[in-house]
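Start from the sequences, fold in the hints, and give me the full structure.
Line order of the protein sequences matches chains A, B and C.
Read in order, the letters of the first sequence correspond to residues 1 to 431 in the working numbering.
Read in order, the letters of the second sequence correspond to residues 1 to 531 in the working numbering.
Read in order, the letters of the third sequence correspond to residues 1 to 155 in the working numbering.
List of simulated lysine-lysine pairs, DSS-like, C-alpha gap at most 25 Å:
#1 B/K62 <-> A/K196
#2 A/K195 <-> B/K43
#3 A/K37 <-> A/K226
#4 B/K62 <-> A/K314
No lab work stands behind these hints, which were simulated from the structure alone.
The lines below spell out each chain.
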Amino acid sequence: MLSIPYVTGYLTEHFGDDEFTQIGGYEKRGGYRAARKAMKEMTPAEVIDLVKSSGLQGRGGAGFLTGLKWSFMPVETDKPKYLVCNADESEPGSFKDRILLERGGHQLIEGLLIAAWATGSEKTFVYVRGEYGFPARQLQRCIDEAYARGYLGKNVMKTGFRHDIVVQRGAGAYICGEETGLLESLEGKKGQPRKKPPFPAQYGAFGMPSTVNNVETFCHVPHIVKNGAEWFRSIGTEKSPGNAIFGVSGHVVRPGLYEFPLGTRLDEIVFEHAGGVPDGRKVKGVIPGGMSMPILPAGQLDVPLANEFLRERKTMLGTGGIMVMDETTCMVRVACVITYFFRDESCGQCTQCREGTGWLNKIANRIERGAGHAEDLDILGDVAGKMEGRTICAFADAAAWPVQGLLRHFRGDFEEHVRQKKCPFTQSFEL
Amino acid sequence: MPRITVDGVELEVPAGRTILQALDDAGLLMNGVDIPHYCWHPKLSIDGSCRLCQVEVEGAPKLQIACNTPVQDGMVIRTASEQVRTAREGVMELLLVNHPLDCPICDQAGECKLQDYAFEYGVTQSRTREPRRALKKHVALGPTIVFDQERCILCRRCVRFCREIPQTGELAVIGRGDRSVIETFPGAPLENDYSMNVADICPVGALTTRDFRFKIRSWFLQDVPGVCTGCARGCNISLSVANNKVYRYLPRRNDAVNDTWICDAGRDSYREIGARDRLKHASVRGENGVLETVSTDFAIQEAARRLARIAAAKGAGVIAGIASPHATNEDLFTFRRLLEALGAETRGVAVVRGASDALLVVEEKAANAAGARAIGFGDAAAVLDRLRSGAVDALIALGHDIAHEQFLGGTQGLEKLDTVVVLDSHVSELQRVAHVLVPTRVAAEKHGTLTNCAGRVQRVRAAVEPAWEAHGEGEILARLGAALGLGGFDGRFDVREVGKALSASLPAFEGIDLETVGAAGRPLATAGASG
Amino acid sequence: MVISEDARARIASEIAKYPVKRGALLPALHIVHEELGHVSTQTAVELAEIFEIRPGDVMEVVSFYNMFHATPQPRHHVHVCTNLSCSLRGSRELLRALESYLSVDDHGNTADGRIHLGHEECLGACAYAPMLRVGDVYHEDLDLEKAKRILDELD
Numbered sequence: 001m002l003s004i005p006y007v008t009g010y011l012t013e014h015f016g017d018d019e020f021t022q023i024g025g026y027e028k029r030g031g032y033r034a035a036r037k038a039m040k041e042m043t044p045a046e047v048i049d050l051v052k053s054s055g056l057q058g059r060g061g062a063g064f065l066t067g068l069k070w071s072f073m074p075v076e077t078d079k080p081k082y083l084v085c086n087a088d089e090s091e092p093g094s095f096k097d098r099i100l101l102e103r104g105g106h107q108l109i110e111g112l113l114i115a116a117w118a119t120g121s122e123k124t125f126v127y128v129r130g131e132y133g134f135p136a137r138q139l140q141r142c143i144d145e146a147y148a149r150g151y152l153g154k155n156v157m158k159t160g161f162r163h164d165i166v167v168q169r170g171a172g173a174y175i176c177g178e179e180t181g182l183l184e185s186l187e188g189k190k191g192q193p194r195k196k197p198p199f200p201a202q203y204g205a206f207g208m209p210s211t212v213n214n215v216e217t218f219c220h221v222p223h224i225v226k227n228g229a230e231w232f233r234s235i236g237t238e239k240s241p242g243n244a245i246f247g248v249s250g251h252v253v254r255p256g257l258y259e260f261p262l263g264t265r266l267d268e269i270v271f272e273h274a275g276g277v278p279d280g281r282k283v284k285g286v287i288p289g290g291m292s293m294p295i296l297p298a299g300q301l302d303v304p305l306a307n308e309f310l311r312e313r314k315t316m317l318g319t320g321g322i323m324v325m326d327e328t329t330c331m332v333r334v335a336c337v338i339t340y341f342f343r344d345e346s347c348g349q350c351t352q353c354r355e356g357t358g359w360l361n362k363i364a365n366r367i368e369r370g371a372g373h374a375e376d377l378d379i380l381g382d383v384a385g386k387m388e389g390r391t392i393c394a395f396a397d398a399a400a401w402p403v404q405g406l407l408r409h410f411r412g413d414f415e416e417h418v419r420q421k422k423c424p425f426t427q428s429f430e431l
Numbered sequence: 001m002p003r004i005t006v007d008g009v010e011l012e013v014p015a016g017r018t019i020l021q022a023l024d025d026a027g028l029l030m031n032g033v034d035i036p037h038y039c040w041h042p043k044l045s046i047d048g049s050c051r052l053c054q055v056e057v058e059g060a061p062k063l064q065i066a067c068n069t070p071v072q073d074g075m076v077i078r079t080a081s082e083q084v085r086t087a088r089e090g091v092m093e094l095l096l097v098n099h100p101l102d103c104p105i106c107d108q109a110g111e112c113k114l115q116d117y118a119f120e121y122g123v124t125q126s127r128t129r130e131p132r133r134a135l136k137k138h139v140a141l142g143p144t145i146v147f148d149q150e151r152c153i154l155c156r157r158c159v160r161f162c163r164e165i166p167q168t169g170e171l172a173v174i175g176r177g178d179r180s181v182i183e184t185f186p187g188a189p190l191e192n193d194y195s196m197n198v199a200d201i202c203p204v205g206a207l208t209t210r211d212f213r214f215k216i217r218s219w220f221l222q223d224v225p226g227v228c229t230g231c232a233r234g235c236n237i238s239l240s241v242a243n244n245k246v247y248r249y250l251p252r253r254n255d256a257v258n259d260t261w262i263c264d265a266g267r268d269s270y271r272e273i274g275a276r277d278r279l280k281h282a283s284v285r286g287e288n289g290v291l292e293t294v295s296t297d298f299a300i301q302e303a304a305r306r307l308a309r310i311a312a313a314k315g316a317g318v319i320a321g322i323a324s325p326h327a328t329n330e331d332l333f334t335f336r337r338l339l340e341a342l343g344a345e346t347r348g349v350a351v352v353r354g355a356s357d358a359l360l361v362v363e364e365k366a367a368n369a370a371g372a373r374a375i376g377f378g379d380a381a382a383v384l385d386r387l388r389s390g391a392v393d394a395l396i397a398l399g400h401d402i403a404h405e406q407f408l409g410g411t412q413g414l415e416k417l418d419t420v421v422v423l424d425s426h427v428s429e430l431q432r433v434a435h436v437l438v439p440t441r442v443a444a445e446k447h448g449t450l451t452n453c454a455g456r457v458q459r460v461r462a463a464v465e466p467a468w469e470a471h472g473e474g475e476i477l478a479r480l481g482a483a484l485g486l487g488g489f490d491g492r493f494d495v496r497e498v499g500k501a502l503s504a505s506l507p508a509f510e511g512i513d514l515e516t517v518g519a520a521g522r523p524l525a526t527a528g529a530s531g
Numbered sequence: 001m002v003i004s005e006d007a008r009a010r011i012a013s014e015i016a017k018y019p020v021k022r023g024a025l026l027p028a029l030h031i032v033h034e035e036l037g038h039v040s041t042q043t044a045v046e047l048a049e050i051f052e053i054r055p056g057d058v059m060e061v062v063s064f065y066n067m068f069h070a071t072p073q074p075r076h077h078v079h080v081c082t083n084l085s086c087s088l089r090g091s092r093e094l095l096r097a098l099e100s101y102l103s104v105d106d107h108g109n110t111a112d113g114r115i116h117l118g119h120e121e122c123l124g125a126c127a128y129a130p131m132l133r134v135g136d137v138y139h140e141d142l143d144l145e146k147a148k149r150i151l152d153e154l155d
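Now the structure itself:
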């Protein structure tokens, strides 16, 4: 069952305390004071500047500067403005937003309030993936408590500012975690991402100016308001400040959540904190940021977990889903699992994604069962290359990158399948 | 107006347009500037999913889709670079991975955008070893359209069309990813007055019309530009012709008349050309009261004899003329001249009216009602009044709309007339009362112009020849005039000469004739006015 | 009418939360699934009326999402996650063993139609693999015995 992080930080330090999940306990620990400070002592523009100077990057995978995104919202407008909280967490290997919802509902609400004040938004839609029934209920309980205490509704903390929060459940589609796919789903349609332009700040939820941010991103905000931009910048790296919650899974002794400053080394987390690979085996590869991010081989795990360093190794932070694979793992089978996922979850709009994800999966399966040919490896790489950077949304990139990463570092596994006409990894997980 | 550079050529384009729209506005798209595309259509909302229209825009890190990129002053676009070429190859290859190898049995072959673009922009060899998606091959989406799910490339034009044009929305994309399929809701088939347009806009052979299915290979067909004669809208069409037969109508784009659409009824109206009830020979009523088959020439002579006799006996004032709203401007101008030369003042045009809609279909169910009025034929009611009061004793009727229930409701009142001369393309109940019957050609069989409900004069061409003796109304009337010895009639009918004479005589038609009309037609000088 | 008055009332209160009616369509579909288990053509027609859209639009949405169904469903939906982290920890072997335990058919349904057993993509429980969900409830840190007991307890 979902347990509190093995290593906590300012986001999760109180998560072990049941009282913290109730509004009374939250307030006792200083909860809602940052929102009060923002709404009573700062102008919206000042809040945006603060978040900008903090350097907070979105924690949903894209890493866009949060303060900058908020500043795109029109200041003078007749239209209602909305915040959208992306709680669709479906990136394989990620389960950090889940705990933020289950154990930190009020922290999220406080972050939303501050963001609402900064952007002039009258309503937040929290879009929670459909399968997170329990976390959604926990959040709703916190929202109800917040209404009762006057932190939400027509007159937030008697400032005259109005804000409402509506929770909507998704229904099982990974693509609804994409910013505009989410907006479409929120509007009661298929979650097919929109062409950009227009961008959500001009045309967002229900056609109104909107800002979409990940759950975790909002959760950092009360701490930034409480402690200041300099404090935030003192944590993490120069380009990637603050903490992040990493989810470690796969072949490790202590799979679970770990809150660390950005820039903490991947090998440190995997071997020192998560106990390394069990049963005396050796590590083979680690995906650092959720399954969309290219894998790193055993020899390249000494990398600080921040985008400026990960990019040098042709991978990215993503959602911080650290997936560890030991030496028994067949990387072709990994390719089958990954390509199946992307084929299943493609929304189907764009030619390259719809047909490409299908083709990649079929080739991977064929190689895996021993019917592959040498040229199939080139075709895999080529098709992945043809999908990249050419579609309405980044899903096609997310589908292409892992395949490219596997071919880059584990081409040998594929070649062996072709040569031996079967899987040579007798101890690997089954497909 | 923003100035952009496309492949080194500078263009001035209207602001607020996307690259594809701007090139389309300028008449350059696929006609000087090649940007192949599937999902974009000039008359539908922007989709952006096919990804084929990617072009290089200087300054942008990635290729941009031309369909959704607004033009900006100073923009530099390249449509034929290596990067663009590779991107197009990528899209084409991926589309062909699952597309069935149906060309030998597919109606679309020869006019298929997948074939065309695969040939121009695609890869020459297939690399896929994978089994293709197996789906349903001939789904009856509705009464008019057959759908092959495997051929569909999910450009979604058809879905958008149904939602945006007739606004009936019967089609939806069901499913997700490479399991997506276009379907109708049970009990709600694709059934609207514009349904067959989806077959035109489908770039591949996924949507085809039942009407055209397996009829003939597209490369045997010649496309002749023309005008639909189903109603007064005058939608521009192409008549697809082979073996002296019209196999189908396709809509022809005219942004001033019908955009790229035609209603199903109009599209189907090509059947009238080869219909069984075409009038195929002239006849005259003998002394015994029976119609006898004769040559057109004999019929004309007989008509002249009868008309001359009644004019001599009672004066030309008892002769009335009913024009056909289906005849050309040139035919009708000749008719007016004939009646004037005869001294027959009673004239009018009978136009049958039916339902109309908010899109293309208008009430008047004839292609040249406005032309008839502009040339001086007023409402047939005036003629009917004189007919009922007994002031008419001879009638020259073009067409048979006069017998429609909206007018005479039969032939009553015509039996007692001394002379009834009927010029018509199809058999009708007027046969019962006609003394002379002469077959005419329909618009698809002659050259001339028609004037639509908005006063736009448009060209028709002889796409086929009737397999029997039939002439245009104008030619028959010119010969009748000569047979009657009327001044100004030498028995010849040269449609260009007549057109010029019409243009010179009536201010509304000033400067308009067969040559000046152009491919998109020209409005009357006094559009909407009657002569 | 297939959709009950009670469900309609709940749907109405969802609609009230949105600036545009259709925003409540996913919540309405969840409510309908709770009550009826799936969206039949009749249900789609009724939902289309409520939301002033077309039945085809409703089915478009139903067919896009994993949690919505257009055909009648077994009472219990049991899904074992077979994505990467779970597969690394034996979730696929577990699923196969459970399939055998329940003797499910090609569609993953038990002969008595009570249970559907299938696989699913990442459910956000990667550190607690292998795991499965029964409807809304997660069962994590499984072994074969624990999993079997969970299935045994389904009515």
